[in-house]
Amino acid sequence: MGLIARAIEASGVATTTLTSAWSITASANPPRALYTDFPLGHTAGVPGDRDMQRAIAHAALEAPWTMTEPGIAVSPHQWPEEWRTEARDPIDHRTPRHDAPQYQSDADRAAAIAAHGEETACGCE
Amino acid sequence: MSPSVSPPEDLDAVDYIGVTKSAYDALGYPTYRWAENEDPPAFVPPSVELADATVVVIASGGVYRVGDVGFTHKDDTSHREIPSDTPDDQLRVTHFAYDQTAARTDPSVVFPLQAVRSLVDDGVVGALADVALTFMGGIYSQRRLHEELVPALVQRTNELGADVALLVPV
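Protein chains in written order, with my numbering: chain G, 25 to 149; chain V, 112 to 281.
Keep in mind that a hint or two might mislead.
Chain V stretches covered by chain G per the calculated footprint, using a threshold of three residues with CB under 8 Å from any CB of chain G [unchecked claim]:
1. 139 to 149
2. 163 to 174
3. 204 to 216
4. 272 to 280
Hint data in this document are derived by calculation from the structure and do not stem from the laboratory. Predicted, not measured: the structure shown is a model, and the values here were computed from it. Ideal Cβ positions, reconstructed from N, Cα and C, are used throughout, including at glycine.
I would like the entire structure built from these sequences, with the hints used as guidance.
Structure representation (structure tokens):
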């Protein structure tokens, strides 16, 4: 995402990037980032915590007015339970990389087929 | 800030570049090369105040809307355009590389459209762009990323009249 932030900023639009992966973001070197100290998959806040999600979005959106140079700011919000042990376990959690469009549910696949046709929506031969 | 900048020590941030390297080494995979940019990024001041700014949300967590074609899990460089008034119960998530348990319960954890909408409703933020832009990260082809996805997102961000882009990776 850092690459995309750099390209959008270079086109003249200010960017602000949320991240929970400090090293990856620091390496990509985007204009502005707000680090949330959460397990991956929850960059924008704790599930169901609307006040926290809003506060994080607000802090990220203020960055173009508050940060005077490129860098990574730190969000003060804490994850409610221990998570680092699992995050540091070097296990490859990726699932197979399917060529056909993937869906959260069969109902979504059916809705996409209804809207876009079988060939486009399911990749069926 | 240089790319080598370290997180504050008291954060105890997880080094995902190191974790990925260990996982791939154990499997005998070649080392994944994360993007490294030594040169400083462009840094433009916003042209209006936040209360007058139009915000486009751009998220890489594989978010789509019911009725959209889903993402493939193999270097899919397409993006989806989610109308900014889409309720969370019409949002879905598919991705090959992160735990989507939370995102499928509450899409706001990877796609804070509702949070920004709340800031707009209270006058803190000017407006949301007509649509948010979503895609599925984990594109391994740097060439296709640069030639296909990046130009499309830059073009749409500008066409949407955004003053600020809020980018949300997973």
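- Query: Does the stretch 204 to 216 of chain V contain three or more residues whose Cβ lies closer than 8 Å to a Cβ of chain G?
  - Reply: holds (count 12)
- Checking C-beta pairs, does the stretch 272 to 280 of chain V have three or more residues closer than 8 Å to chain G? Check passed, 8 qualifying residues.
- Task: State whether the coverage of the stretch 163 to 174 of chain V by chain G holds or is violated, taking the criterion as 3 or more residues with Cβ-Cβ distances under 8 Å.
- Result: The restraint on the stretch 163 to 174 of chain V holds, since 5 of its residues have a Cβ under 8 Å from chain G and three suffice.
- Item | Cβ contact check, 8 Å cutoff: the stretch 139 to 149 of chain V against chain G, three residues minimum | holds (count 5)
Hint compliance for this structure: every hint is met.
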